[in-house]
Amino acid sequence: MKKIVILGAGTAGTIMANKLAKKIDRNNWSITLIDKHETHYYQPGFLFIPFGIYSKKDVIKPKKSFVPSGVEYIQKSVNIINPESNEIELADNQKISYDILIIATGSQIVPDEIEGLKGVGWQKNVFDFYTIEGTISLGEKLKTWEGGKLVVHLAEMPIKCPVAPLEFTFLSDWFFTKKGMRDKVDISFVTPLSGAFTKEQASKKLGNLLQEKNINLVPDFAVEKVDEEKNVIYSYDDKQVEYDLLVSIPTNMGDAIIERSGLGDELRFVPTDPQTLQSLKHKNIFVVGDAAALKSSKAGSVAHFQAEILEHNIMHFINNEPLQEKFDGHANCFIESGHGKAFLIDFNYDTEPVAGTFPVPVLGPFSLLKESRINHWGKLAFRWMYWNVLLKGFSIPGIKSKMSKIGKKLTK
Amino acid sequence: MPTATFGNHQVEVNDEGFLTDPTQWNKEIADAIAKEVNIPELTPKHWELIDYLRKYYTEKNDMPSIRFLKKNGIIPIKDLYSLFPDGPLKKASKIAGLPKPYSCV
Ligand SMILES: Cc1cc2nc3c(=O)[nH]c(=O)nc-3n(C[C@H](O)[C@H](O)[C@H](O)COP(=O)(O)OP(=O)(O)OC[C@H]3O[C@@H](n4cnc5c(N)ncnc54)[C@H](O)[C@@H]3O)c2cc1C
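Keeping their order, the protein sequence lines are chains A and B.
When we follow our numbering, the leftmost residue of the first sequence carries the number 1, and every step to the right adds one.
When we follow our numbering, the leftmost residue of the second sequence carries the number 1001, and every step to the right adds one.
Worth flagging that the hints you see were computed from the coordinates, not collected in a lab.
Since we're looking at a predicted model, the values are computed, not measured.
Even glycine gets a Cβ: it sits at the ideal position worked out from N, Cα and C.
Certain hints may be false.
Stated by the list, open to error - Once the Cα atoms are required to be at most 30 Å apart in a straight line, the calculated BS3-like pairs of lysine-lysine come out as: (1) A:K230 x B:K1045; (2) A:K283 x A:K22; (3) B:K1060 x A:K239; (4) A:K124 x B:K1100; (5) A:K225 x A:K178.
What the hints assert, rightly or not - Here are a few chain B residues that sit away from chain A, every Cβ distance over 10 Å (derived from the structure): (6) P1002; (7) D1021; (8) W1025; (9) N1026; (10) H1046; (11) R1054; (12) K1055; (13) Y1056; (14) S1082.
Stated by the list, open to error - Cβ pair distances, simulated, as ranges: (15) B:Q1010 x A:P274: 53 to 63 Å; (16) B:K1055 x A:S85: 34 to 44 Å; (17) B:Y1052 x A:D112: 42 to 52 Å; (18) B:Y1052 x A:P274: 41 to 51 Å; (19) A:N27 x B:F1068: 13 to 23 Å; (20) A:E113 x B:G1017: 56 to 66 Å.
Let the sequences and hints guide you as you build the complete structure.
Put into structure tokens, the structure is as follows:
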């Protein structure tokens, strides 16, 4: 009996387990899925919790309920991967050998990477919203906060869901307007990028929107340290921004086991072939989702598109065939812009987000790179899709893993 | 493709003024681009990084991140910012005749 081990039962690992369970020859292959946590969090929902739109119960389900029958699920932390002996070791020293390993350990915030961030103000007037604990305590804070300088600050790229910090900023504008206290809140968006976002056309559009909403954009700000006595963030070139309430998106990194196992780059992400999703170092290791060091966005939609490619390449690998299926970097993200509206962007390794329409049978047409109400409903409907369609390894009708140029206003 | 003239060298550049062919680069071009991005003179410290970036690019066909430079002891981030203020990696790559690094796209 040969063995596929999937490390991490988050978005990507769960989708892979469900897809492979349907495909694999069960007489010769077994699948084991491992994760240290009991609860699956719908992370895109973390964005809405501080504003009281979702609460904890809307974003959690037991991981077990997504494990397909015939797949062994182990709820333990993994200590180390030994690629030389094709083995992993669990926290209780139990060893599990594999023929194929799929790494899906994701990405997480590491506040300790920024000097002073976890100081006296942490969880008092300095918060994150990338963890369940962070987003819930930020929500509590916002209930009673009386206003002042709100600074949303992004430490360094890449981060998962690169649009989430902007969405948080737009939603803050809406939230304080609705509460009738927008005039008491001064909002700044501080980023190491030269504009609002990584991609040029989208960056201009979103930059204009920041201006319209009276939000200050502070670009080219590479944070060096936070002084939580003085409530100031400093950049390496000695710029400073004062805050009363700091919402920080700290450095994102892969899990510590990646480094411990000698498999990572300087951010503990695993160097991976951008098209086949095979590890660059070890032929029988594949990487899917945020854990991979790729130039595609770190997002749930991307993990899902990658899984559709990887499923085929794993089958090719098993059958000793060339890994024919190629990932094109496709990403598809809704951007909440507040007041019941949202943007939608769709892009890949070579094509940046442009305007147009996104034709989806039944659901669409969504408008691309343009604010609309239907995009907002699309974003909210995504939660249902996530739990009921994506995680179970099904495709969303009409949305393909390869980016389509239909409906896009491409200039080149 | 637009072209740009530095001294008596004509080279191909992209919309943002990055050389499209790193082999067309030479030290005079570097000096000229440096002036354009408000660095009046390239000191040996500047050159250390420029040479490092060119070597890295030739070997890996990719650009290092700021974090990589720090972690591998190539240069402390603080120094990087004082040598190439405002977007150091972008400026240094431009002067070195290399593509714009992905992390600041
Ligand atoms: C605030 C926020 C908003 C977002 N909004 C969107 C959005 O609107 N649209 C979108 O597409 N995406 C969004 N995302 C991103 C999306 O949630 C992630 O990209 C996606 O979950 C990545 O899936 P993954 O499987 O790679 O990682 P994860 O889902 O994070 O899963 C990794 C799993 O690995 C496990 N693990 C890690 N290390 C170990 C170990 N050593 N031992 C055992 N188990 C381990 C973890 O417990 C975890 O369950 C958002 C994320 C955040 C934080």
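Structure versus earlier hints, numbers of those that do not hold, lowest first: Of the numbered hints given earlier, those the structure breaks are 1, 3, 4, 5, 14, 15, 17, 18, 19, 20, listed in rising order.
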